[in-house]
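Given the coordinates of chain D, assemble chain W onto it according to the supplied hints.
Residue strings, one per chain:
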Amino acid sequence: MEVLQLLISGLANGCVYGLIALGFVLIYKATEAVNFAQGDFMMIGAFVSLGLTNAEYMNLPFWVAAPLTISIMAVFGYLLDLFVLRHLFGQNQTAVVILTIAMGFVLRFVAGIIWGHEPQTLESPLALGDIHIGGVVLGLADVAIIIVTFLMTWFLYQFFQRTKLGLAMQAASQNQMAAYFMGIPVKRVQGLIWGLSGATAAVAGILFASKGAIDPNAGLLGIKAFAAAVIGGFGSLPGALAGGLIVGVIEPFAARYFPAGYSQIAPYALLLAVLIFRPHGLFSQVRVKKV
Amino acid sequence: MRIHFKTSYHHDIRLFPDRWTFSVYGTLLALAFALPYLIGEFYLGEVTNVLIWAIAGLGLMLLTGQTGQASLGHAAFLAIGCYANTILIEQGVPFIIAFPLAGIITGFVGLLIAVPVLRLHGIYLAIATIALSVLADDIIVLTEHWSGGVSGKFPEMITIFGFEIERWSMPSRFYYLVLVVTIICTLFYRNLLRSPLGRAFAAVRDSEVSATAMGVHIARTKGKAFGLSCMITGWAGALMGYYAGTFNNETFSLVISITLLMMIVIGGLGSIHGAFFGAVVVAFLPQALSILKDNVVGSGVAIPGLETGVFGMILILFILFEPMGIYGRWLKIRTWFELFPFARKDMFRRQKSYLKTERLR
Numbered sequence: 000m001e002v003l004q005l006l007i008s009g010l011a012n013g014c015v016y017g018l019i020a021l022g023f024v025l026i027y028k029a030t031e032a033v034n035f036a037q038g039d040f041m042m043i044g045a046f047v048s049l050g051l052t053n054a055e056y057m058n059l060p061f062w063v064a065a066p067l068t069i070s071i072m073a074v075f076g077y078l079l080d081l082f083v084l085r086h087l088f089g090q091n092q093t094a095v096v097i098l099t100i101a102m103g104f105v106l107r108f109v110a111g112i113i114w115g116h117e118p119q120t121l122e123s124p125l126a127l128g129d130i131h132i133g134g135v136v137l138g139l140a141d142v143a144i145i146i147v148t149f150l151m152t153w154f155l156y157q158f159f160q161r162t163k164l165g166l167a168m169q170a171a172s173q174n175q176m177a178a179y180f181m182g183i184p185v186k187r188v189q190g191l192i193w194g195l196s197g198a199t200a201a202v203a204g205i206l207f208a209s210k211g212a213i214d215p216n217a218g219l220l221g222i223k224a225f226a227a228a229v230i231g232g233f234g235s236l237p238g239a240l241a242g243g244l245i246v247g248v249i250e251p252f253a254a255r256y257f258p259a260g261y262s263q264i265a266p267y268a269l270l271l272a273v274l275i276f277r278p279h280g281l282f283s284q285v286r287v288k289k290v
Numbered sequence: 000m001r002i003h004f005k006t007s008y009h010h011d012i013r014l015f016p017d018r019w020t021f022s023v024y025g026t027l028l029a030l031a032f033a034l035p036y037l038i039g040e041f042y043l044g045e046v047t048n049v050l051i052w053a054i055a056g057l058g059l060m061l062l063t064g065q066t067g068q069a070s071l072g073h074a075a076f077l078a079i080g081c082y083a084n085t086i087l088i089e090q091g092v093p094f095i096i097a098f099p100l101a102g103i104i105t106g107f108v109g110l111l112i113a114v115p116v117l118r119l120h121g122i123y124l125a126i127a128t129i130a131l132s133v134l135a136d137d138i139i140v141l142t143e144h145w146s147g148g149v150s151g152k153f154p155e156m157i158t159i160f161g162f163e164i165e166r167w168s169m170p171s172r173f174y175y176l177v178l179v180v181t182i183i184c185t186l187f188y189r190n191l192l193r194s195p196l197g198r199a200f201a202a203v204r205d206s207e208v209s210a211t212a213m214g215v216h217i218a219r220t221k222g223k224a225f226g227l228s229c230m231i232t233g234w235a236g237a238l239m240g241y242y243a244g245t246f247n248n249e250t251f252s253l254v255i256s257i258t259l260l261m262m263i264v265i266g267g268l269g270s271i272h273g274a275f276f277g278a279v280v281v282a283f284l285p286q287a288l289s290i291l292k293d294n295v296v297g298s299g300v301a302i303p304g305l306e307t308g309v310f311g312m313i314l315i316l317f318i319l320f321e322p323m324g325i326y327g328r329w330l331k332i333r334t335w336f337e338l339f340p341f342a343r344k345d346m347f348r349r350q351k352s353y354l355k356t357e358r359l360r
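As they're listed, the protein sequences go chains D and W.
With numbering that gives the first Met the number 0 applied, the first sequence corresponds to residues 0 to 290, in that order.
With numbering that gives the first Met the number 0 applied, the second sequence corresponds to residues 0 to 360, in that order.
Watch out, some of these pointers could steer you wrong.
[Stated by the list, open to error] Heads up, simulated SDA-like pairs for lysine to any residue below, C-alpha to C-alpha not over 20 angstroms straight-line: (1) W:Lys351 to D:Thr93; (2) W:Lys292 to W:Gly304; (3) W:Lys292 to D:Val109; (4) W:Lys355 to D:Tyr179; (5) D:Lys186 to W:Ser352; (6) W:Lys355 to D:Arg85; (7) D:Lys186 to W:Leu319; (8) W:Lys351 to D:Ala94; (9) W:Lys223 to D:Ile275; (10) D:Lys186 to W:Lys351; (11) W:Lys355 to D:Arg187; (12) W:Lys355 to D:Gln169; (13) W:Lys351 to D:Asn91; (14) W:Lys351 to D:Ile183; (15) W:Lys351 to D:Gln90; (16) W:Lys351 to D:Val188; (17) W:Lys344 to D:Gln90; (18) W:Lys351 to D:Tyr179; (19) W:Lys355 to D:Gln173.
To be clear, the hints were calculated from the coordinates, so they are not data collected in a lab.
In this text the structure is predicted, and so the values were computed from the model without any measurement.
Same shape as in the complex, but just chain D (with noise of 0.2 angstroms):
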């Protein structure tokens, strides 16, 4: 019993991760670049959600308020590749990161203005309940975070494989030369890309916000996204996905049965062993070029 507890707790913050971490793999899979703000992104979604519903801010339905969250959060994503990044197209990717981390710093401060330092919680219908399963105890948020990830992956899974703009996203990205040639306008199908991960990371923040409480520096949890996205291989949303599991139920089995310090350290040793044995991610997209 004890077992499958922890691994149900696991797979829902893995899921958490998870779902950073397809914001991650969707920017690095149309644009090659890596946005180290996702996890701030879904901080802000977060926290926009809760201005939204809670009673002492706007105090609008959860119903209401969700749906709204997250094409704020589309439109955030769209405006700051409009305004910002697309000054760095056709520049290193490095720039990018660069940009990304310090995006990262400034939203973390605009929210801490905006929101205060204090944890908060949201006014969600999902942070209430349990479910009880034959002695195992599921919160009523878990089962949701887990069943919305699901839905997403597979989603934006056939989002990319299936439809013109999902197939055009990844032309841009593979070689953005021959997509001009085809047609594609390169730069507003990135706009949408970011666009798409902001929405991503607001659903991330809403499902993350009504697990418990969250704080400006909520964003960190971006780093976890990342061990997860590497491990699951740069490139690939089930991918993603599968490494945000591996993440999550790691680290409650690790708290368990490992000495206390050394569970902290299970994520990143799995994540470096990854990256020196199988450097492109156990889902590697990498392919040995033929001259």
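Chain W only, in chain D's frame:
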């Protein structure tokens, strides 16, 4: 405008291209040595801080600016240098041996880590180094027996042949120590760039394919760059330990790693000047902000995260409008005056390129 008519290879790799540059840097050096007599103890301490950050910046610059490998984990090497130095001195090794040894140990650890990690590149390297930085914190706690863990350590007073140096009671002596280390590191860096190894670094940065074609062994060169970079960073870490007076597992956090990378970007990637300019910004920004804050909103009002927030905004502005950093801007201004009135805007235009995926190689 000065024209350098180079007639031999030695003209090309001279330390100073002409007498004017020589006298400029000579004056700067004389000024640096006279500084304790010119400014008060508080500002001397701040300048010492700038120099220590500059050494750390030089270390990272060698890796990121020169060899093109972004590292987000250099705080781990600051920590190794700092702990190695302190532990060696506690074991009774004199400072004059322990300090260089601390750098060499750090460089060696860096080299060991570099072997698996440098097979990665770009994004993966950055993430692996993030993991290193996070792990360093936990490892320091776990090795509490040697490292003092959470309660931390206090570096002992520096003694060089009976000559005592202490940060608080004798700031000018500590300043001279840091200054000498800075000069040695700068000269080392400058000379490295003139050597075949330094050129190999630049070749790896600019194009790995062309570098291989020219006979540069990529992995070995990257490994050397990592080792040398960590060595300099280790010295900076040891000095940082003395400057802080006490340190524990949280002193060298991921934030320090990120700040270090941001610092050299603001200063200007790929130049020695950049490390120094960046260090000035990083060291003086908190002071400037607190003075500004006291005047605008009144003292006593705490705004958490203000420093990192403003730092982030400055960085965004730099990346968008002056990707070459402060030193790049200075070069542009200087060229404008040197060529007056023939300078053209497009002289510094950056080459833009279409992106291809790294995945499907």
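Exercise. Is the hinted pair Lys351 of chain W and Ile183 of chain D satisfied, with a Cα-Cα distance of at most 20 angstroms?
Worked result: 19 angstroms, holds
Exercise. Within a Cα-Cα threshold of 20 angstroms, do Lys351 of chain W and Thr93 of chain D meet the stated pairing?
Worked result: Roughly 14 angstroms separates the two Cα atoms, so the pair holds.
Problem set entry | Given pair status - Gln169 of chain D, Lys355 of chain W, alpha carbons within 20 angstroms | Answer holds: Lys355 of chain W to Gln169 of chain D is near 11 angstroms, not above 20 angstroms.
Exercise. Is it true that the CA of Lys355 of chain W sits at most 20 angstroms from the CA of Tyr179 of chain D?
Worked result: Roughly 12 angstroms separates the two Cα atoms, so the pair holds.
Exercise. Can the restraint linking Lys351 of chain W and Gln90 of chain D be considered satisfied, given a maximum Cα separation of 20 angstroms?
Worked result: 6 angstroms, holds
Exercise. Has the given pair, Lys351 of chain W with Tyr179 of chain D, been kept, meaning a C-alpha gap of at most 20 angstroms?
Worked result: 15 angstroms, holds
For this session: Decide if the proposed pair is consistent with the structure: Lys292 of chain W and Val109 of chain D, CA atoms, cutoff 20 angstroms inclusive.
Result: Given pair Lys292 of chain W, Val109 of chain D holds - Cα atoms ~17 angstroms apart, limit 20 angstroms.
Exercise. Is Lys355 of chain W within 20 angstroms of Arg187 of chain D, Cα to Cα?
Worked result: Within the cut-off at roughly 17 angstroms; holds.
Exercise. Holds or violated: Lys186 of chain D with Ser352 of chain W, Cα cutoff 20 angstroms?
Worked result: Holds. Lys186 of chain D to Ser352 of chain W sits at ~14 angstroms (cutoff 20 angstroms).
Exercise. Straight-line Cα separation of Lys351 of chain W and Ala94 of chain D no greater than 20 angstroms?
Worked result: 13 angstroms, holds
Exercise. Is the Cα-Cα distance between Lys351 of chain W and Asn91 of chain D 20 angstroms or less?
Worked result: OK: Lys351 of chain W and Asn91 of chain D at ~8 angstroms, within 20 angstroms.
For this session: Compare the distance between the alpha carbons of Lys351 of chain W and Val188 of chain D with 20 angstroms, and conclude whether the hinted pair is satisfied.
Result: 19 angstroms, holds
Checked against the numbered hints above, the structure violates none of them.
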